[in-house]
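There are 2 protein chains.
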Amino acid sequence: MNERPNRVPEWCQGEEWCPVTVTAALLSRKWKPVIVDRLLKSGPCGFSELQNLIGNISGKALSNNLKELEADRIVNRSVISERPYRVEYALTDRGRDLEPLIVAMREWGSKHFEPDSKENGQ
Amino acid sequence: MNERPNRVPEWCQGEEWCPVTVTAALLSRKWKPVIVDRLLKSGPCGFSELQNLIGNISGKALSNNLKELEADRIVNRSVISERPYRVEYALTDRGRDLEPLIVAMREWGSKHFEPDSKENGQ
DNA sequence: CGGTATCCGGCAGGATACTG
DNA sequence: CAGTATCCTGCCGGATACCG
Numbered sequence: 001m002n003e004r005p006n007r008v009p010e011w012c013q014g015e016e017w018c019p020v021t022v023t024a025a026l027l028s029r030k031w032k033p034v035i036v037d038r039l040l041k042s043g044p045c046g047f048s049e050l051q052n053l054i055g056n057i058s059g060k061a062l063s064n065n066l067k068e069l070e071a072d073r074i075v076n077r078s079v080i081s082e083r084p085y086r087v088e089y090a091l092t093d094r095g096r097d098l099e100p101l102i103v104a105m106r107e108w109g110s111k112h113f114e115p116d117s118k119e120n121g122q
Numbered sequence: 001m002n003e004r005p006n007r008v009p010e011w012c013q014g015e016e017w018c019p020v021t022v023t024a025a026l027l028s029r030k031w032k033p034v035i036v037d038r039l040l041k042s043g044p045c046g047f048s049e050l051q052n053l054i055g056n057i058s059g060k061a062l063s064n065n066l067k068e069l070e071a072d073r074i075v076n077r078s079v080i081s082e083r084p085y086r087v088e089y090a091l092t093d094r095g096r097d098l099e100p101l102i103v104a105m106r107e108w109g110s111k112h113f114e115p116d117s118k119e120n121g122q
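Quick mapping for you: the protein sequence lines, in order, are chains A and B.
Residue numbering for the first sequence follows the UniProt record's numbering, beginning at 1 and increasing consecutively.
Residue numbering for the second sequence follows the UniProt record's numbering, beginning at 1 and increasing consecutively.
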């Protein structure tokens with residue numbers, strides 16, 4: 001069953017359903033797009049590796065966001081070794097489908113806030 | 001000067017600058033992508049018109065989000081008539097540049113949560 | 001290494017009532 | 001119509017310390 005995650009509000013489940021609202025509900029957190037961005041660029045990572053790739057994210061935030069992304073089937077977590085204990089976070093198919101969205105974010109951010117192009121004006 | 005809005009964290013202003021992080025900082029709120037979506041689809045709107053197009057957004061949330069979008073030069077507000085009092089919200093160039101991003105959101109949401117395609121799995 | 005537990009502050013957002 | 005004022009809630013995320 002394609003039940004939408006809890007993050008998607010009730011009123012967006014029926015007739016008034018809206019793709020942008022759903023996507024925003026799943027992805028509009030401070031860190032989630034950045035996590036997906038790094039997984040797209042660097043492929044599967046361990047927890048600390050991902051934390052370093054992002055920088056400035058607290059362990060708690062990373063942990064929580066990964067759990068939600070996992071629940072929403074955007075990210076997959078697998079234990080790849082017990083001794084030493086190693087884990088790997090990777091994008092699912094659904095997660096990889098976010099690539100155009102993340103690319104669009106990269107491009108918009110670069111175009112409008114690139115340090116070299118201050119003349120774009122704020 | 002192309003100073004980044006306050007919403008963009010300090011640590012993202014210098015060397016560690018990241019386009020996705022900046023874009024997420026400006027746009028990753030529950031309602032912002034939806035507001036831009038509606039303005040793209042319907043063109044310039046008044047306040048209540050916009051509120052109706054979105055549905056389920058409180059006046060306060062709409063007001064606050066519009067103010068931030070204005071401060072970030074994504075949306076432009078103009079008074080188009082005094083008596084009766086009428087206002088118009090429209091996308092700026094920078095806001096219109098968000099179209100590919102919003103389109104990507106629409107497509108991802110439709111693909112993965114369309115009621116008709118429950119078999120896509122949750 | 002890969003997290004969890006706890007405490008904590010802030011702010012986003014809902015509801016409602018009110019204003020010019 | 002186009003908001004503002006106020007109150008209130010919950011969650012989000014930072015910091016720190018600790019665990020297997």
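Do not rely on the hints blindly, as some may be mistaken.
[As the list claims (entries may be wrong)] Here are the computed lysine to aspartate or glutamate pairs in the EDC-like style, where the Cα-Cα straight-line distance is at most 16 angstroms:
| hint | chain 1 | residue 1 | chain 2 | residue 2 |
| --- | --- | --- | --- | --- |
| 1 | B | 111 | A | 49 |
| 2 | A | 111 | B | 10 |
| 3 | A | 30 | B | 10 |
| 4 | B | 41 | B | 114 |
| 5 | B | 111 | A | 93 |
| 6 | A | 60 | A | 49 |
| 7 | A | 111 | B | 88 |
Just so you know, these hints were derived from the structure itself, not from any lab.
Cross-check of the supplied hints:
no., hint, result
1, B:111 to A:49, "violated, 31 angstroms"
2, A:111 to B:10, "violated, 19 angstroms"
3, A:30 to B:10, "holds, 14 angstroms"
4, B:41 to B:114, "violated, 19 angstroms"
5, B:111 to A:93, "holds, 12 angstroms"
6, A:60 to A:49, "holds, 15 angstroms"
7, A:111 to B:88, "violated, 26 angstroms"
Of the numbered hints listed earlier, those contradicted by the structure are 1, 2, 4 and 7.
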